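Residue numbers (the working numbering), protein chains in the order written: chain B, 1 to 167; chain L, 1001 to 1167; chain R, 2001 to 2503; chain X, 3001 to 3503.
Source of the hints: derived by calculation from the structure; they are not laboratory data.
Each hint should be verified, as a subset may be incorrect.
[Stated by the list, open to error] The calculated lysine-lysine pairs, modelled on BS3-like cross-linking and capped at a C-alpha distance of 25 Å, are:
hint, chain 1, residue 1, chain 2, residue 2
1, X, Lys3473, L, Lys1065
2, R, Lys2121, B, Lys74
3, X, Lys3416, L, Lys1065
4, R, Lys2411, B, Lys74
5, R, Lys2121, B, Lys65
[What the hints assert, rightly or not] Distance ranges between label pairs, derived from CB positions:
hint, chain 1, residue 1, chain 2, residue 2, range
6, R, Gln2058, B, Glu15, 55 to 61 Å
7, X, Met3001, R, Lys2432, 15 to 21 Å
8, B, Lys111, L, Val1110, 30 to 36 Å
9, L, Val1110, X, Pro3429, 20 to 26 Å
10, X, Gly3099, R, Ala2477, 48 to 54 Å
11, L, Leu1017, X, Gln3236, 48 to 54 Å
12, X, Gln3236, R, Gly2025, 41 to 47 Å
Predicted, not measured: the structure shown is a model, and the values here were computed from it.
Idealized CB from N, CA, C, for every residue including glycine.
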Amino acid sequence: MSYEVNINGEDREIEILGREGNRIKILLGDKTYDLDLMEVEPGVYSVLWQGKNFNFELTPQSLKKYTVDTIAEKIEVEIVDAESRYMRSRKGGEEEDVAFISTPMPGQVVKILVKEGQQVKGGETVIIVSAMKMESEYKVVKDRVIKEVLVKEGDNIEGDQPLITFE
Amino acid sequence: MSYEVNINGEDREIEILGREGNRIKILLGDKTYDLDLMEVEPGVYSVLWQGKNFNFELTPQSLKKYTVDTIAEKIEVEIVDAESRYMRSRKGGEEEDVAFISTPMPGQVVKILVKEGQQVKGGETVIIVSAMKMESEYKVVKDRVIKEVLVKEGDNIEGDQPLITFE
Amino acid sequence: MIKKILIANRGEIAIRVMNSCHEMGIQSVAVYSEADRNSLHVRYADEAYFIGPAPSNQSYLNIEKIIEVAKKSGADAIHPGYGFLSENADFSERCKEEGIIFIGPDAYAINTMGDKITARKTMLAAGVPVVPGTTEPIVDLDAAVRTIKEIGLPVMVKASAGGGGKGMRLVEKEEDILSSVQAAKSEALAAFGNDAVYIEKYINSPHHIEFQILADQHGNCIHLFERECSVQRRHQKVVEETPSPIMTPEVREEMGRHAVAAAKAVNYAGAGTIEFITDDNLNYYFLEMNTRLQVEHPITEQVVGVDLVREQINIANGEKLHYRQEDLSQHGHAIEVRVYAEDTDNNFMPNPGKINYIHFPLGAGVRHDSYVYSGFEIPIYYDPMISKLVVWGNSRPEAIGRMKRALQSYKISGVKTSIPFLSRIMDVPDFKNGHYTTHFIQNHQEALKTKENCSEECVDLAAITAFVDFITKREQATPPSSNGRSSMSPWKAFGRKKAVSRI
Amino acid sequence: MIKKILIANRGEIAIRVMNSCHEMGIQSVAVYSEADRNSLHVRYADEAYFIGPAPSNQSYLNIEKIIEVAKKSGADAIHPGYGFLSENADFSERCKEEGIIFIGPDAYAINTMGDKITARKTMLAAGVPVVPGTTEPIVDLDAAVRTIKEIGLPVMVKASAGGGGKGMRLVEKEEDILSSVQAAKSEALAAFGNDAVYIEKYINSPHHIEFQILADQHGNCIHLFERECSVQRRHQKVVEETPSPIMTPEVREEMGRHAVAAAKAVNYAGAGTIEFITDDNLNYYFLEMNTRLQVEHPITEQVVGVDLVREQINIANGEKLHYRQEDLSQHGHAIEVRVYAEDTDNNFMPNPGKINYIHFPLGAGVRHDSYVYSGFEIPIYYDPMISKLVVWGNSRPEAIGRMKRALQSYKISGVKTSIPFLSRIMDVPDFKNGHYTTHFIQNHQEALKTKENCSEECVDLAAITAFVDFITKREQATPPSSNGRSSMSPWKAFGRKKAVSRI
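From just these sequences and the hints, can you work out the full model?
Here it is as structure tokens:
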């Protein structure tokens, strides 16, 4: 899967090149970082880069959004994955005619708000999925008719699995 | 269910007479205590009795055994329930001829070590059950033949439910 | 001899008082509201009693209930801390009636000092300087001009019926006196239909300097030198230090003498504080007396070496003061900052909530008065102060360096705090040089807002850290697939192994 | 000027040194072994470098690796803390060769003081009293008797080839001299085939009293008074205090002068400690010099008001001492206890492990030097000291009361600690009165083992609490039955509600 991180509003590609214990090699944009990165307390990371020590405290704002508290300033970081790109593209008006709803992450179905054959309006939530203790609502972008509901409430689901398909 | 607590080696009956929020009324032996009892941090209790403040730190030693650290001394406390009494009676040589193995607490079956029809020797473990993150081995006291295994590994079980029956 | 003290307070000050009780072998009795059952002061006391719902007027301000608990528990004295009932003359009186020692002054001292006009008159009679000004409204123009010349420039002319700045004139030059008074009068007349004015000395660069005093029941009174409390935000002290960077030995001695005279004028017994407004030239005027322990008392303790709560208890016991004035001296320099759960970027809004974890700063010269712990939820009902961080240093620069270090290693997660704001104060050149007045925070708003930026690499690393956290947690959340290990990349296996070893 | 310091240590002392670096605006470089990646000293430094596996001979004692990191990081100085490489003359020399400032004395001073015989001779030459005794074995009976009379009673006669107490005789009375020497000699002959003996002054009630000194590179040297360290267990200090309860101003001055003379005799530069063995009559003899910062240095800092690490750095910078002897005085009383992760009931076995939570004692007069935090696992590879708890009080009794209070509010769960044992020391009358020698712990073994018992009600409440915890956790663990709420008693519902609200 390919990822980007949105840092204070700007998207940059990110890729883990290697990892062994705390040591991690990562590509951000065109820069490569060799790091010793450790979660020393819940949500608190110590990052060593070229000997320099950075202490970061992470506060998750949602599933993929973090506020990173450095000593100097707070940095807003959003993880951009396939789902985010899809969501964005829909927001952007250039709507893909997707055939189904899926989640990018493993989780559990909390609530299904539609039935097979039901007509739903654009913007309506059709399913709520919980992952990592946070719930996300998945909406349709335009008016659709529900074809199949492939999961039921309480189901554990893997990522990128069709959950609800459309006519 | 009737309980006793074994305090530094001595058994005394204990019963909750009433509870509302932190307030609890409890009978220990022939003494009644009206308490305000609160777990203020994990494993740390503040107990107010007649205004006096007692801070206790609990260290579970096993499912039913605690070391209670008071400021002055450490008290060993064991909860005595039906199971304990049964276990004790078996240890004491006065073996009941029980028809099945059961657990006093809800939990999950970790491992079943016997099959139906199998001959087992006294003292052999037949099933391992986990409850509250701790595993307990259940043994037969004398030589038995397994009649039925009513549960399978991974099953969630309620307390006092027959798990394995004997011929 | 006092054997058991009820502390009619909560939070850090309740614990502060209990500390001295423990050290003196005195039993302590806590009281708590519904919001405070799991507060540290309850666990810290020998006894603890519930006194009512969370709002303080139904609990910590409930005199009947507190007296009832004192009697039930057999407490022979009550320490009110600061705030709540600490300056309540009725409470002091009531304790007396009930035969319970109130650790604080009697109703007479509280009442006299509690009323601004009575206090002013009492101080004038005792020869303590007060801000020069008229006590009666003046209508006559000539009388006004005469009064201004008596008081001396600069003065503030205020409409006696006024408010909102209308009919107010600052007069700084002699040639402006007549025109200013006339302008103020006609403005007052137009606005309020009344052209009477008050005249008051205007303090140009005001400093808030206060003196700690201790007085026993036998007429002895000493002072424990000054505290400089000019770093204020909306009249709330933010940073306090002692000695004051603008003080001289001569003025200190004179102010100390006046502070003692002020206390003696109301037959004071106990610990108290005389607040003075002081200008750049060290002209000083009595502002008010706080007839209780101050929030900022620790800096005096650090520099003078006297435990003020212990002395309060000794005095309440009827003992004579253990110190003479000549026994006392100032040793080094102390600074206190008040750490609040507040959002300093958002108009200092209180930010109560649950503290996920807290690392207190430790080590040489650091004193910490607090009542919170990891997992504690700061109640919404009371003052959102988390702690008072106090440092001591051999010199003022050493103390400032130490405070910066301490603030840097002070970590609280879960609530927003004033720590970064306090840290920026330590960096403002005017603070470092000791050149500041009560306008300091207002005058340095920009500097105090300015945040350091991360370096480019720091931003990159912050983003990488968030990403790694996301990926790691996600891997950990993935349920094992049915065919087991085969689907697991070495990478995933690492993630899982780490998760396990962390448990 | 030193701009960046590598701290070749771990634990509380690494953080202690970094604190002074932060306060002085100096960059700090941490080094860490495999066991210390999540240690606080790593997060606390500006830079941190990995130096090898957990065992200290492969990491914190690895001179090559540490020099390599110093060069890589551009550190211009190395602070060794205490222990590890702090008294390693080769390391001091190697730093010099590499052009890195070693914050400590040169190889000559370390070597001279590191060898007992050389140190003794150097001290004798400098006029510093050493324990009187023979330096060569004596075979002749008359010579032995003459030597004993020169040294003065009591003396210890020891077989020169001896060990294990054989051929040892304590001589206290004059009439026993001849017979004792004869007995020692014949016993020695029988046991070792050699009847030569040593004779040494016997110190009856030994006190361990040490003097802190500071010396610059310009020949100036001052002392910062004494520390009393007689509360020891197997030669490990357990409690230290200053001033010593047995000291007099006259002896203090004389010992201070001798301490300065001792340091000057080896051209000492830096912070150092001269240890003396002292008897009840304040006769004192040089024992050894520690050519580094001591574990117990904070009590001197609290009472004298000097930051010793800051002064070490100033000295290493080539600065002249900032203090003259006459500038210094002792102010109040300080006590330090060393809190260990150990099982004092089980022969003081180290008890490393994970700290579930920790509440540090706070408030007036409490200083805490530590490096642990809630959730931290104390590594098994190093000294199991958790922290040094230091209190300051106006007087010795006030300091003792404060220490008791601080120990009482110091809570650590997860590992056994020496806190209860230390608390009992504070209660022993001989300690309270200041009447103790190095035999204190040995002589009060019973009192130090004796634990307070809970009252009958306390025992009941402890049992009830365990029971309630059991029942509550059990209810929470019960899966909801299929027919939902109907099976839930109000009691259960309460348990569940509570569990939810706790999240």
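Verification of the supplied hints:
no.: 1; hint: X:Lys3473 with L:Lys1065; result: 13 Å, holds
no.: 2; hint: R:Lys2121 with B:Lys74; result: 53 Å, violated
no.: 3; hint: X:Lys3416 with L:Lys1065; result: 19 Å, holds
no.: 4; hint: R:Lys2411 with B:Lys74; result: 15 Å, holds
no.: 5; hint: R:Lys2121 with B:Lys65; result: 62 Å, violated
no.: 6; hint: R:Gln2058 with B:Glu15: 55 to 61 Å; result: 59 Å, holds
no.: 7; hint: X:Met3001 with R:Lys2432: 15 to 21 Å; result: 20 Å, holds
no.: 8; hint: B:Lys111 with L:Val1110: 30 to 36 Å; result: 33 Å, holds
no.: 9; hint: L:Val1110 with X:Pro3429: 20 to 26 Å; result: 56 Å, violated
no.: 10; hint: X:Gly3099 with R:Ala2477: 48 to 54 Å; result: 53 Å, holds
no.: 11; hint: L:Leu1017 with X:Gln3236: 48 to 54 Å; result: 52 Å, holds
no.: 12; hint: X:Gln3236 with R:Gly2025: 41 to 47 Å; result: 31 Å, violated
In terms of the numbered hints stated before, the structure departs from hints 2, 5, 9, 12, listed from lowest to highest.
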